[in-house]
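Visitor: Chain residues, written in single-letter form:
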Amino acid sequence: MSRMNEQQVFLIDGRDVPFAPGQTVMQAALDAGVYIPHLCFHPQFKPHGSCKLCTVKVNGRPATSCTLPVAAGMEIESETAELKDKRRMLLQMLFVEGNHFCPSCEKSGNCKLQALAYDLGMMSPHYDHFFPDRPVDATHPEILLDFNRCILCELCVRASGEVDRKNVFALSGRGITKHLIVNSESGRLGDTDMSTTDMAMSVCPVGVILKKRVGFAVPVGQRKYDTIPISEQFGDAPNAVLEQTR
Amino acid sequence: MSETDVIDAILDRHRRDGTRLMQILRETQEQLGWLAPATLTRIAVAIDWPRAKVEGTAGFYSFFHTRPLGRYRVLWSDNITDRMLGNADLTRMMCEKLWLEAGRVSEDGLVSVDTTSCTGMCDQGPALLVNYRAVTRMTPQRVEQMVELIRNEAPLADWPAEWFAVADNIRRGDILLNNAMQPGDALRACVARGPAAGKEASSNDRSWRETVVANPGPALALEEIKLSNLRGRGGAGFTTGLKWEACRSASVADGDSRRFIVCNADEGEPGTFKDRVLLTAQPDLVFEGMTVAGYVVGATQGYVYLRGEYRYLLDPLNAVLARRRAQGLLGRGIAGQAGFSFDIEIHLGAGAYICGEESALIESLEGKRGVPRNRPPYPITHGFLNRPTVVNNVETFAASALIALQGGEWFRGIGTSKSSGTKILSISGDCLHPGIYEYPFGVTIAQVLPACGARDVHAVQVSGPSGICIDETEFKRRIAFEDIPTAGAMMIFNDQRDMFEVARNFAHFFAHESCGFCTPCRVGTSLLKNCMDKIADGHGSQHTMNEIFQINRLLQMASHCGLGHTACNPMFDTLKKFRPAYERRLKTLDFEASFDLDSALAQARQMTGRDDAGSHLETQS
Amino acid sequence: MNAPARKLRVATTSLAGCFGCHMSFLDIDERILKLLELIEFDRSPLTDIKHCGPCDLGIIEGGVCNAENVHVLREFRANCKILVAIGACAVNGGLPAQRNHLDLRDILEEVYHTSPGLAPGSQIPNDPELPLPLDKVYPIHEVVKIDYFLPGCPPSGDAIWKFLTDLIAGRTPHLSHEMMHYD
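Protein chains in written order, with the working numbering: chain P, -8 to 237; chain X, 83 to 703; chain Z, 89 to 271.
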C-alpha cells in the first residue's frame, strides 16, 4: 500500500519531477514548475504536437513532450545547447513563414512567439523570408483578423470548436500554403457568429485575432513579456493576455 | 438536372455520411467541374459538418479545386523519370500552342496546364493526367493532337483510346505474378482448416465474431501467416502476423465490435507502380488476401484506398468486386462458411502523397485532411472510426492470399531467412526494359541491372525519394529488410545523369507533398527546395550547403512523421556520394545573395523603360 | 574596458530605414565620448565621408529596397571585417517591407499614374540618376553575409552601447532580456 502512494518521478535535465499517471511530459513539467517551450500546447486542450517547440530528448531520442506520456524513470533532456538551437531554428522558420512586423503589431510584448524568441536569444530570422500575401479580414464589427501573423497552432480552431461550439476556424491548404480559414461561404469573419466573448478570442498566442479599437492601452515596454521572460511566467490564466490589452 | 439536384443525388447515394466526404467531393467535382463555395455549403449542411471543415478537406488535396481550373485540366507527371523522358519540353510546347502560362487558367476558362507529383507511369512516360484520367507515352505529335482536341472541346470519350492505354510491362514474374490460384482457393483453404466448414450461412453478421473463439479456423489461418514470417511490403516491414494478431485481440470496451481491413493502394512514392500492376493483373489475389485478413481478425468491412491517379482502375476493380460477390467470395456466408461475412469498397484518394502514411490514410478515409495522427494509439487498436484496423500494402495482401492457400512453411522457404517471399520491383529510368520485376528477396542490385538492360549505371534510387540512393560501389547489396528495404521502386541513372538535378526534383516533391502539420516539415521542406533552386540558378555557396545540412538535421529530429524524417535523404545521400555535382554549381564566394538581384529590378526596368548600366545589378560584387 | 592598441574604424549607413537607429545610437548620450576613445568613424552620416574605406566594423540600418542600397551594402561588405544589421528594417525588412505583398508594377502605376491629385502628364521617373526599386524590400542578410544582428525598432541606446562595447572588447554580443526587443 505504501508503495502505491509513493510519488512516481522522472527526470528533466537531471532534476526529479513528480507525475500523475496518464500525464504527458509537458503536463507534469508545467505542474512541477519546469518550463518547456511551447506554442500549440494549451492545458485546456488535447495535445496537438504540431509546433515542435517542445521537442526534448527522451533517453537520448527526440520526442514531442506535449504528446509523450510520462513513464517512471524517464530521463528527459530539455535545456541543452543542442535543443535550444533546434528550437531557435523552429522559431526562425515561423518568423520567415509569415509576415511578422513586431513594431506595428498590437500584440507585441504580449506575443508568445516573440517572447520565446527573446528567451532563446533569436537575434535574426536567419532564413530567407517567404513574404506571403495574406490579406487581413476587417469585416467583423468588433474583431480584426491579421493572418500575416498566423503560426497555424490551431488553438483558435480548438477553442472555437471544443469550447465555444461555433467552429468559426479551420485550416485549409497544405504544406507551406496551409492557412487559417473561417466558417462562412464568403470566407469573411463578419459572416460568422464569432463574438468577442468567445474563448477563441483569447487563445491566439500571436497577433492574429484582435479586438478592434484597442490600441496601445498598455505602452510598449510595459507589456507582459517586456520585462519578465516567458519561462518565468508561464502559469498564466487563459485570459491574462487579453485582459492586459483591454 | 440542376446543380443542386446533382449534388443532392450524390449526397443521397452516400447516405449524407461525412466520413464519405472524399467520395462526395470527387463525384461532385467530376460532374460540376469544380467545387464552388455554394457547393461546399450545401454538402456541409447535408453531412452536418462545419462548412470550414469541409472546405479544409477540399483545400488539402491537389485534385480538388475550389476555383475553376478549366474544362480541361492537364497535369504533367513531374517525377525525375518523366523529366528524363523530356516532359519539360513537351509541357512548354503544349503551353506555347495553347498560348498559356503553366499554372494559369486560359482566359476563356477552357484549359489549364500544370505539373503534378509522379503518376506512377514511370515505365511509360512522359505521362500526364487530363481531367484526372491517366495518359501515357506522350510525344510531340500527341501534344499537337491533344491541343487540337482541347481547342475543339472534344469530349475525352472521343480522344484516341490508345492514349489512355496503360501497359503492365511485367518482365519477370514469380510466385505472385505467375500464380495459378483460382478465385476463392485461399478462402476455401482457410475454411477447410476449421471444423465449422459446411455450416449454413447465417443471416446475422454479428454472429461471426462470436464464433471466432469457438472456431479455430481464423486462428489456424493466422498461424500460417505468422509462420510465413511475412513482413509489410509498403517499406516499413512490420511483421504482418503480429499486426493481424494485435488487431484480432484488441479489446473493444464499448460493445461496438467492428474491425476494419484497409488496403493501402495509395502508391505515391515516386518511381513506384507495382501496386498498379498487381491491381490490374492480380486483383483477385489482392481482394482474396483482404478477405483472409477479415476472416482472421473478424472484420466484416474492408476498404481499398486507391490513389486518385489510378481513377481509371475504379470501374474495372468494382467489376471484379461484383463478380466476387456473385461467386460467393464476398458478402455473407463466404465460401459457404456460416457467419463469414466480408465486403470491400474502393475509396479513391485525391492527390496527396502523405495519405500513404497509414494514420493519414485513415483520416482521409474518414473524410478529413490527410494529416498523420499522434501515436500511440496505433491503428491496430484505434484505426478507422477509432476501431481496430489492419492497414497493409497491396502486395502484402496478395502474398497473404498465397500463404493462406499454400501455407507459411512454403512461403518461408522463399527469399532470405529474415525476408521471406518475393518482392515486386518497379523499375524505371535508364534501362532498356522498364517495368515490373518480381524477385525472391536477397537479389542483388547487380543481378537486377543487367536483367532490365541497364548499362553504364551511375546510381540507383531504391524505394523512391524517401529511400536510398546508391552508387556503383554498393551494387552488390541485396534487396531485403536486412540490407536495402524497399517499397519496390528502382530508378536507374546512367553516367550522363546529373544527380544534383535528381535530388532537386525530389526536394520539390517533398515540399509539394508536406501536409504542413508540423513546423519543421512545413517550412523546412520549402526552405530546402529554395536552397536547391538557389544552387541550380548559380547563386549557391558553401553557406547554402551548410544550410541544407542544418535544415536536414532539424527535419530528422523534430518532424511529426516519416515524410519529414526522410525528406532529407535524397540530399544527404547525393551530397555524400555525388558531391561534385553540387560543388561545380557553387560560386567561389562563400556567400551569395539568396535571389537574382538583376531580375529583382526587372519590373522597375519595364515600368520605366530603362536599360542603362545603372538599371542592372551584376550577380557578383 | 581596455582601449585597443589602435582605434577601431567604424562605418555606418542607413539603407531603406528612417535613421531612427542612428538617432537611438546618439541616445548613448555622453557615452559617445568614451566610445570615441575606442573608435573612429569612416563613412557615416556622422562624418559625411562618401565612401567606405577598410573598416573593422560596419553598421547597417534599414533593408534593401533599391539598386543603390545593393551597391552601398556591397561596399560595406567588401570593406568591413564585421558587418552588423541594426534595427528591425535591416533584420527583416521592417516597415518598408510591408509593400512586399504588392506587385511593384501596381505600386508604381498607382503612385505615378492613377492616384488622385497627380500633376498632368505625371509619369514614372526614369532618370538614370535615380536608383531603380527592387521587386521587394529585402532584409540585408539575404543580400550579403551579416555577422551580427541587433534587433529593435529602434534598439535602445543602452542595447546599442552594450552591443558595441561587447564587439569592441572582442566578446560575442549578449543582450539582457530587458534589452532584447523586436519593437
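Because the hints were derived from the structure by calculation, they are not lab data. One thing to keep in mind: the hints can contain errors.
[Said to hold, decoys possible] Quick look at which bits of chain Z chain X covers, simulated, 3 or more residues with Cβ under 8 Å:
no. : stretch
1   : 189 to 195
2   : 209 to 219
3   : 229 to 235
[Claimed, not checked] For each label pair, taking beta carbons as the anchor points, the in silico distance ranges come out as:
no. : chain 1 : residue 1 : chain 2 : residue 2 : range
4   : P       : Leu2      : Z       : Glu118    : 46 to 54 Å
5   : X       : Phe673    : Z       : Leu114    : 28 to 36 Å
6   : P       : Glu223    : Z       : Glu118    : 55 to 63 Å
The beta-carbon is built from N, C-alpha and C at its ideal position, and this holds for glycine as well.
Visitor: Does each hint fit the structure? Answer for all of them.
Guide: Going down the list of hints, with the structure as the test:
1. 189 to 195: Result for this restraint: holds, n = 3.
2. 209 to 219: Coverage by chain X holds for the stretch 209 to 219 of chain Z (6 residues, Cβ < 8 Å).
3. 229 to 235: holds (count 4)
4. Leu2/P / Glu118/Z: 46 to 54 Å: holds (51 Å)
5. Phe673/X / Leu114/Z: 28 to 36 Å: holds (31 Å)
6. Glu223/P / Glu118/Z: 55 to 63 Å: Violated: the Cβ-Cβ distance is about 34 Å, outside 55 to 63 Å.
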